[in-house]
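Using the sequences provided together with the hints, build the complete structure.
Numbering-wise (the working numbering), the sequence shown opens with residue 1 and increments by one.
Read the hints as simulated data drawn from the structure, not as lab findings. A couple of the hints might just be wrong.
[What the hints assert, rightly or not] Simulated restraints, written as ranges between beta carbons of each label pair:
1. 117 - 88: 14 to 24 Å
2. 97 - 50: 16 to 26 Å
3. 32 - 65: 38 to 48 Å
4. 27 - 67: 30 to 40 Å
5. 31 - 56: 37 to 47 Å
6. 32 - 64: 43 to 53 Å
7. 64 - 28: 35 to 45 Å
Each residue gets a CB set at the ideal place from its N, CA and C atoms; glycine is no exception.
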Amino acid sequence: MDRVIQLLINAGALYVAVLIVDGLDFSFDSEQAWLKFVVVALIFGLVNTFVKPILKLLTLPITMITLGLFLLVINALMLLLTGWISDQLDLGFVVDGFFPALLGAIVISIVGFLLSMVIGATRRAT
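Right under this line is the structure:
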């Protein structure tokens, strides 16, 4: 049940980021748009679960030097990777560059944290 709640939190945070950040787009034109959006949220969760820990380990020295600020870059890269995978699978989620990904990652982190607090779910560090 925690995984389903985390998926819904990711989907909600991604939705808010798409609404707020110019350069993050999703085409809600088709009938199955919401299903595709949930698949994008699932991909985002899988990327954060499997790829992000490896990048965090590899970039540990620079993360320590920047006092953790480099984690924002890693979060942006995870969003870019999600956009690329979505493009390959023709899901309709587009990230138009690094700076929209950086702003989107910040929005997703804040909204995800707030949704977790409201719902009372234990949010894993992403």
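Verification of the supplied hints:
{"no.": "1", "hint": "117 - 88: 14 to 24 Å", "in the structure": "violated (34 Å)"}
{"no.": "2", "hint": "97 - 50: 16 to 26 Å", "in the structure": "holds (24 Å)"}
{"no.": "3", "hint": "32 - 65: 38 to 48 Å", "in the structure": "holds (45 Å)"}
{"no.": "4", "hint": "27 - 67: 30 to 40 Å", "in the structure": "holds (39 Å)"}
{"no.": "5", "hint": "31 - 56: 37 to 47 Å", "in the structure": "holds (38 Å)"}
{"no.": "6", "hint": "32 - 64: 43 to 53 Å", "in the structure": "holds (44 Å)"}
{"no.": "7", "hint": "64 - 28: 35 to 45 Å", "in the structure": "holds (41 Å)"}
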